[in-house]
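Protein chains: 6
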Amino acid sequence: MNDVISQYSVKEQPYYRSVTDEVALYEAAYSVRMPMMLKGPTGCGKTRFVEYMAWKLGKPLITVACNEDMTASDLVGRFLLDASGTRWQDGPLAIAARHGAICYLDEVVEARQDTTVVIHPLTDARRVLPLEKKGELIQAHPDFQLVISYNPGYQSLMKDLKQSTKQRFGALDFNYPDHEIETEIVSHETRVSQDVASKLVSIAERARNLKGHGLDEGISTRMLIYAGSLIASGVDPMSACRMTLVRPITDDPDMRDALDAAVSTFF
Amino acid sequence: MNDVISQYSVKEQPYYRSVTDEVALYEAAYSVRMPMMLKGPTGCGKTRFVEYMAWKLGKPLITVACNEDMTASDLVGRFLLDASGTRWQDGPLAIAARHGAICYLDEVVEARQDTTVVIHPLTDARRVLPLEKKGELIQAHPDFQLVISYNPGYQSLMKDLKQSTKQRFGALDFNYPDHEIETEIVSHETRVSQDVASKLVSIAERARNLKGHGLDEGISTRMLIYAGSLIASGVDPMSACRMTLVRPITDDPDMRDALDAAVSTFF
Amino acid sequence: MNDVISQYSVKEQPYYRSVTDEVALYEAAYSVRMPMMLKGPTGCGKTRFVEYMAWKLGKPLITVACNEDMTASDLVGRFLLDASGTRWQDGPLAIAARHGAICYLDEVVEARQDTTVVIHPLTDARRVLPLEKKGELIQAHPDFQLVISYNPGYQSLMKDLKQSTKQRFGALDFNYPDHEIETEIVSHETRVSQDVASKLVSIAERARNLKGHGLDEGISTRMLIYAGSLIASGVDPMSACRMTLVRPITDDPDMRDALDAAVSTFF
Amino acid sequence: MNDVISQYSVKEQPYYRSVTDEVALYEAAYSVRMPMMLKGPTGCGKTRFVEYMAWKLGKPLITVACNEDMTASDLVGRFLLDASGTRWQDGPLAIAARHGAICYLDEVVEARQDTTVVIHPLTDARRVLPLEKKGELIQAHPDFQLVISYNPGYQSLMKDLKQSTKQRFGALDFNYPDHEIETEIVSHETRVSQDVASKLVSIAERARNLKGHGLDEGISTRMLIYAGSLIASGVDPMSACRMTLVRPITDDPDMRDALDAAVSTFF
Amino acid sequence: MNDVISQYSVKEQPYYRSVTDEVALYEAAYSVRMPMMLKGPTGCGKTRFVEYMAWKLGKPLITVACNEDMTASDLVGRFLLDASGTRWQDGPLAIAARHGAICYLDEVVEARQDTTVVIHPLTDARRVLPLEKKGELIQAHPDFQLVISYNPGYQSLMKDLKQSTKQRFGALDFNYPDHEIETEIVSHETRVSQDVASKLVSIAERARNLKGHGLDEGISTRMLIYAGSLIASGVDPMSACRMTLVRPITDDPDMRDALDAAVSTFF
Amino acid sequence: MNDVISQYSVKEQPYYRSVTDEVALYEAAYSVRMPMMLKGPTGCGKTRFVEYMAWKLGKPLITVACNEDMTASDLVGRFLLDASGTRWQDGPLAIAARHGAICYLDEVVEARQDTTVVIHPLTDARRVLPLEKKGELIQAHPDFQLVISYNPGYQSLMKDLKQSTKQRFGALDFNYPDHEIETEIVSHETRVSQDVASKLVSIAERARNLKGHGLDEGISTRMLIYAGSLIASGVDPMSACRMTLVRPITDDPDMRDALDAAVSTFF
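Chains as they are written, first to last, in UniProt numbering: chain G, 1 to 267; chain W, 1 to 267; chain Z, 1 to 267; chain D, 1 to 267; chain S, 1 to 267; chain R, 1 to 267.
None of these hints come from the bench; they were simulated from the model.
Nothing here was measured: the structure is a model prediction, and the numbers come from that model.
A couple of the hints might just be wrong.
In this list, chains with the same sequence are indistinguishable; a pair is considered to hold if it fits within one copy or across any two.
What the hints assert, rightly or not - Derived lysine-lysine pairs resembling DSBU-like cross-links, with alpha carbons at most 30 Å apart: (1) Lys211 to Lys56; (2) Lys11 to Lys134; (3) Lys11 to Lys211; (4) Lys211 to Lys134; (5) Lys211 to Lys133; (6) Lys162 to Lys211; (7) Lys162 to Lys39.
Next up, chain G with everything else stripped away, as it sits in the complex:
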C-alpha cells in the first residue's frame, strides 16, 4: 500500500455494535465484490458501519460526501497545471479503483446524474473506470468495492436514483437500534451511566413517533451521543437535551413544547 492510499487506512477499530447479521452479509457481498447500498435514516450508523467493515476487512476507505454541485471530475479526477505543464490528479473514485480501496459515496442521491452514471462501468462485469479526459481505462484493483448510502426518507420525484443505477447494488437496511443496544451505544460513546443513556433513548423513541407528524426526522443516535457528552461534562440534563435534542431539529413552538415535555418526563 503506497503513500497516496495509506492515509485512508482505518488505523483503529471503530466502535460498532452489530444489530443482526449485517456484518456477515456484507462480508459475503465483499467476497464477490458486489457493490453495496446502505439504506436508512440519517445518524443511524451507516457511516460507522462501513468504517468498521473497512477495518475488519483490512482495506482502506475513501469517503465522499455527495452533493448536488459535485461534478464527475470531482470523483474521477482532473488535469492540474504544473511547472512542467498539466498533471493528472486522480479523484477519490479513481484512487480507490486504482489502489483497491472501498469507496463510500455518502448520500449519493444528492449528487447529479453525471456522478451516478460515472460509477456504472465500475459496477458491472467490466469493473472499469474510463478516465475519458485522460484517455485511460482503469481496470479496477481486485480489492476495490463501491458502497453508497441512501436515505429512503429523502426520495422524491426530483431526486431519486435511476433504476439502472439501483439495480447495480445489493442493499442492506439500517435503522435505529433497539432500546437496549442503543442504550449500550450511547453509554459506551459518552461514558454516561446506563440509566442516563436509557432515559435519553426513551426520549428519542418518543420523538421518532412524531416523525411525519410535525417532525421531518426523529432524534438520531448521534444526537443522543451529543446530549450524553454534554451531561458527562457537567451540563444539567434538561439544558443538555434542549440544546442537542430539541432546538436543532424544530422551531415550531408546539413541537418544542412536546419535545421539552418528553425530556422533563425522564429528567
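Dock chains W, Z, D, S and R against chain G, hints included.
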C-alpha cells in the same frame, strides 16, 4: 492497431447467449456500417451484446456512459495544456472514428443535445467528425461504427431523441430472455445449479409482471446473477434474494412484502 | 485555395436528383451572394443539395451541425494557449468568411440566439464578421455565402428564428420527392431493383400520411436508403424494413403494427 | 486616428435617403454628445442611417450585434494570456470610448442587463467607462458617442430596457419610407426600373397591413432589395418574390396564398 | 494618496443644489462612518449627490454600476496571470476599503446576493473585508465608507435587499426637487433661460402625475437637462422635447399624444 | 500560532452583555468540541457572541458570510497558478481546521448544498476535511470548532438546512435582549444617556410588535446603536431615528407613519 486503441480491444470472448437472429442482423448492419440503436430495458444484456459483437467482428470497442452533464467536448476532445503549450486530446468518439473502433454511447437519451447533434455528420453519407475547435475534419476510418442504446421506458417529453437523430439509426429490440435461456445464463454466470437458477428466474418473472403496478422496472438478469453469486458463496437464498432482488428496487412496504412472498414461494 | 480551406472542397460530384428549378434559383441567389435558407423535413435531401451546389459552383463547403449548447465562439473562433502564448483559432464561420467558402449552418433553429445574431453583419450590405475578442473585422471574401437549413416542423414558440434573422435570407422549400424520382434515388444509392425501391417508397408514403396522427415525422428518403442497403446485402426485406423503417421511429405497439402491416403489404 | 480604430472608419459614402429632419436632429444630438436611441422595425434602415451619420460626421463606427449570451466583458474587454503573461484586450465599447468612435449597439434589448448597465457611466455627465477588472477608469474621448437601436415590436415584460437606461437617451423614430421614397431606394440599390421597384413596394405595403393579422413583421425594405436584385439578375419576378418576400417569413399555407396573390396582382 | 486611488478623486466641485438638510445628515453619518443608503427614483440626483459629498469631504469616490451578472469577485478582486505567475488584482470594493475611498454601489438591488452579502463584514463593527481567495483580511481604512443606492419603485418579491442587509444602513430619501429648485438646476446645467427651464419643469410635473397611469417612471431631471441642451444648441423646443422627453420613455400612441399635448401647452 | 492564523485572533475583548447561561453552555459545548448552531433574528448579537466566546476561549475566529453563489471551493480551497506551477491555497474552512480556529459560517442557510455538505465530515466523530482536489485528508486540529448561524425567520421550503445537517449541531436560541439589558447595551456602545437609550429601545419594542403585520423584521439592536451614535454626534433625535430606524426598513407610507409616530411619542 496502435497503443491508444489496443486497450479497447475485447481480449476474451464475452459470454453471450443469442436469443433470435440479432447476431446476423447486426452483422449485416455492420457490413454496410449502418449506425445501430439497441432498444430495451435496463440490465437485459444490451451492453454484453455489443461487447460480444465487437469481439466477434474483431473490432475495438469504446463505451461511453452518457449523462446530462457530458459536453460535446467530452466526446470529441479538447486542448490540454502541456509543457510546450496546448496539445489536442482526442475524445472517445474521435479516437473511435480515427482508429476504426465501434463507439457505444450507452443511454444516449441522457445526454444533452450537443452530444446527440455531434454524431450527425458521422451517421450520414459523409461519415465525418468535424473537430471545430481544432479546425480538423476527421474522415471516419472504414471500420468505424456508431452504436447507441436507448431505454424506451425512459422516454418522456423532456428527454427523447430528436426525430432527425432517430432516423439515422437501424434499431434492434432487446428484452429479458425466455425462462430457459435466462436460467442457462444465470447458471453459467454464477455456477449455481440449473434448479436454483430456474427458481431465481421465476421470481424475476413475477416481479416483471408488477412493472407499472408499483414497480418502475422489473428484476433484471443482472440482479439474478447477483443473487446467484451470493447463494454460490454460501449466503442463504432468502437473505441473498432480499439483499439483491428486493431491497435495491423498492422501499414500499407492501411491494416488499409481495416480493418477499414471491421469494419464499420458491425457496 | 490554401491548406486550411482545401480540406473542405467537395472532391467528387455528389449524387443529386433535381426536382424542379431549385438548382437555377440557387445559382441566381449565389450570383448576388444572397444568404439562403433551405426549408424542409428531416432527411429529404437539403444537406445533399447544398453539397451538390458547392460542387457545381466549385466552392468549398463548411458544414456546422447547430445545437443549443453551441456558443458564438464555436462559430467565430477563440484564443488557444500555445507555447508562445495565446494563438487565435478561426471558427468555421470565420474560416468560411475569410477564405470564401459556402458556410452551411444545419438546423440553425437549434442554436442559441448568440449564434443567430452573430451572422447578422455577414448577411447585410456590410458582409463583415467582427471578431470582437480579437479586435478584428473580417471583410467577407467575395466567394463567401451563408446557407442555413430550417425544419418548419420544429417551429415552436420557444424555438424559432427571430424575424430580424429570417428577413436576411432568400428561401427555398424542400420536400420528399415524387414517387418516381424517389424510387430512382433509392435504387441509385442502394443498387436494389427499381421494383424493390418502388415498394420501399410506397411504404414511406403510407407512413408519411400518419405524420401528425401518431408519428412525429414520416419515413425519410435516408431511411429508405438504409432499408435498401440491408436488402441489397442479403437481409430479408421484412426484417430490413422493421429494423430501419419501423423500430427507429416508434415504440407505440399500435403504430408498430400499422407500419409492419404496411411493410407486409408490399413484401 | 491609429490602426486599431482606422479599420472602423466608414470609407465610402453609404447610400442613405433622408426621410424627414432626422439628419439635422442627429447632428444636434451629436453636437452635445447626447446618447441616441434609434427606434423602429427590422430592416427599415436604422443601421444604414447610423453608417451614413458616421460618414457625414467623419467619425469611426463600431457596431455590435447584441444578443442574450453576450457578457459585459464582450463589450468592455478582457485579459488574454500572452507569451509574457496576461495582456488586456479592449472590447468594442472600450475601443470606441478610448479612441472617439461612435459605438452602435444593435438590438440592445436582446442583451443581458450587465451589458445595458455597463453603459450607464458613459451616458451621464461623467462619461467614464470603468474597466473594473483592469482597475482603470477610461474618460471617454470627446468624439465618443453611444447609439443603440430598439425595436418596439419586440418589447415584452421579460425583455425591455429598464427605465433607468431609457432615460439616458434621446430617441428618433424610424419606419418604412413612403411609397415614392422606398421606390427610389429599391431602384437605386438594385438597378431595377422605377416601375418594377414601385410594384415591389406595393407588394410590401399589402404585407405590412397584415402585420398582427398572421404576420409577425411586414416585408422590409431590405427584402425588397433582395427581390429586386434577383429580378435584375434575370430571375422571373414571381419566383424572385416567392423566394425573397414570401417563403422567408411564413410557413402558414393561407398566409402564403395571400402573399402569393399579392405578388401576382403586380407581376 | 497613491496612484491607484488618485484617479478616483473628484477634482472639480460637482454642481449640486441642496434640497433640505441632506448634506448635514450625510456629514453626520460619515463622521461615524455609518454605511448609507440613498433611496429615490431614477435620474433625481442620487449619483450627483454622492459625488458632491465626496468632493466636500475630500475623499476619493469609487462608483460601481451593479447588475445581475456581477460576481463577488468583480467587487472584491481576483488573481490574474502574470509573466511571473498569478498576481492579485484588488476589485473596486477592496481598493476603496484598503485606501479609504467612499465606495458607491449604484442600483445595488440589481446585484446577486453574493454581492450584497460580501459587504456585510464591512458594515458592522468589524469593518473588515475578507479576501477569501487570497487568504487576507482587509481592515478597512478609517476614511472608508460604503454607500448604496436603491430605487423603491423597482422593489419586487424577486429582487429586494434582504432585511439583514437593509438593517446595516442609514437611509436618506431623494425625490425630484421642487419647481423652483429644479428650474434653477436645469437652467444652470444647460444655459437655457429660467423661463424655458421652468416650462420644461412644468412638462415634467405633468408626466410625473401619469406615473402608474401608463408610465412606469416620470420624466427625470436628467431628461430635462437633455431637452434644455438641445434647445440651447438651436433645436426647436417641440422637436427637442419629443426627442428627449417623450420618445425615449413610451411607445404607446395615447401616452405619446398626452405627452406631446403637454409639450405644446408650454411651447 | 503562525502568521496565517494570527490575523484571525481576537485581540481586544469584544463588548458582550450576557443574557442567560449561554456563555456557560457554549463553554461546555466547546469542551467536547460540539459543532454549534446559533439561532435568532438578524442584528440580535449572534456574531458579537461568537467573537466574545473566541476571545474568552483564546482561539482565533474565522468568519465567513455565506451566500448562494459561494462554492465549496470558496470554503475548502483551490489551486492557484504560480510562477512555478499550481499552488494550493487553503480556504477559510481548511485554515480553521488545520490551525485550530473557530470557524463561523454566518447565515449558512443562504449557502448552496455543497457548502453545507462539505462540513459533514468535520461534524462527526471523524473530524476530517477531505481536500478532494488536492488528494489530502485534513485531520482537524484539536482546537477546531465549527459554528453556524441560522435565522429561523428565513426558513422556507426552498431554503432550509437538511435534517442530516441540522442533527450535527447543538443549538442555542438568541433573541433581542430585555429592555434593561438592551438599554445598557445601546448606552454602552453609543455613549448616549441611559434615558435616551431606553427611549430608543421602547421604539424598537413597538416596531417588533409589527413584525408580521407589515414589517418583515423588527428594529434590531444594531439599528438602535446606529440611531444612538447619530444622536451622540449631535443629530436631532427625530432625524436620527427616521434615518436609521424607519427609512431603511420600509417604503410603505402607512408603516412609515406608524413608525414615525412611535418615534415622536418618545422624542
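Going down the list of hints, with the structure as the test:
| no. | hint | verdict |
| --- | --- | --- |
| 1 | Lys211 to Lys56 | neither (34 Å within a copy, 39 Å between copies) |
| 2 | Lys11 to Lys134 | between (33 Å within a copy, 22 Å between copies) |
| 3 | Lys11 to Lys211 | neither (37 Å within a copy, 46 Å between copies) |
| 4 | Lys211 to Lys134 | neither (47 Å within a copy, 40 Å between copies) |
| 5 | Lys211 to Lys133 | neither (45 Å within a copy, 38 Å between copies) |
| 6 | Lys162 to Lys211 | both (27 Å within a copy, 15 Å between copies) |
| 7 | Lys162 to Lys39 | both (15 Å within a copy, 17 Å between copies) |
Checked against the numbered hints above, the structure violates hints 1, 3, 4 and 5; every other hint is satisfied.
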